[in-house]
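Participant: With chain X's structure known, arrange chain R on it following the hints.
Going line by line, the protein sequences match chains X and R.
Quick note: the first sequence uses numbering that gives the first Met the number 0, first residue 0, plus one each step.
Quick note: the second sequence uses numbering that gives the first Met the number 0, first residue 0, plus one each step.
There could be a bad hint or two in this list.
[Said to hold, decoys possible] Only pairs whose alpha carbons sit at most 27 Å apart, straight line, appear in this in silico BS3-like list of lysine-lysine:
1. R:Lys-92 x X:Lys-57
2. R:Lys-92 x R:Lys-11
3. R:Lys-105 x R:Lys-11
4. X:Lys-11 x X:Lys-57
5. R:Lys-92 x X:Lys-92
6. X:Lys-92 x X:Lys-105
7. R:Lys-82 x R:Lys-105
8. R:Lys-57 x X:Lys-92
Just so you know, these hints were derived from the structure itself, not from any lab.
Protein chains: 2
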Amino acid sequence: MQRIELYAMQPKEIAPGYHARFVHTAHNTFSYVDVEAGSVIAEHSHIHEQVCWLLEGKFQLTIEDQPVIFEPGTVIIIPPNAKHSGLAITDCKVLDVFYPVREDYKNML
Amino acid sequence: MQRIELYAMQPKEIAPGYHARFVHTAHNTFSYVDVEAGSVIAEHSHIHEQVCWLLEGKFQLTIEDQPVIFEPGTVIIIPPNAKHSGLAITDCKVLDVFYPVREDYKNML
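Next comes chain X alone, as it looks inside the complex (with noise of 0.2 Å):
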């Protein structure tokens, strides 16, 4: 069993306005993001499926050139390799789930 306490990490800036707390567990990071209203997170790929959950406010995902905005009790699955960017409308709280793990993540300063 492992007991992770969010808080007491230093979030990580992943993109300006976007503060990131990552978990990693054997298969999946879970990736636990404050974002300030309007920041942009400029169009990327990655070979991570990508699982996007709203706790609150308001976001914008585009996918593939398609936006969708979308508020809490909505998820948004990103298939492998899709390109995608995001704005958010408001202030923010999401939870993203990547399969497999962002190895990239876990030595980011």
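Facilitator: The following block gives chain R in isolation, referenced to the frame of chain X:
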């Protein structure tokens, strides 16, 4: 891209007082559970890694006879095959993420 509206789904009662909405991806099962205060889930185990995170409330997990009480901000990783049971100390909202997919949940009535 897949967009899922959790609250358009009818929850399934996986144990008395545990009302779950499932999202199955290619690799994981996400179980969004509303739990009534005092509800117990009996000891069980499964091959799946389980990552448990509380959005609201106070919950007690007992994993291999070791009790742990937690609140939002804590993430608990239950390893594959570990025996565990649960007790909702208050009304709770829980997200459990299982790897691999919970095939047994797919056909639950």
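Participant: Which earlier hints can't be squared with this structure?
Facilitator: none
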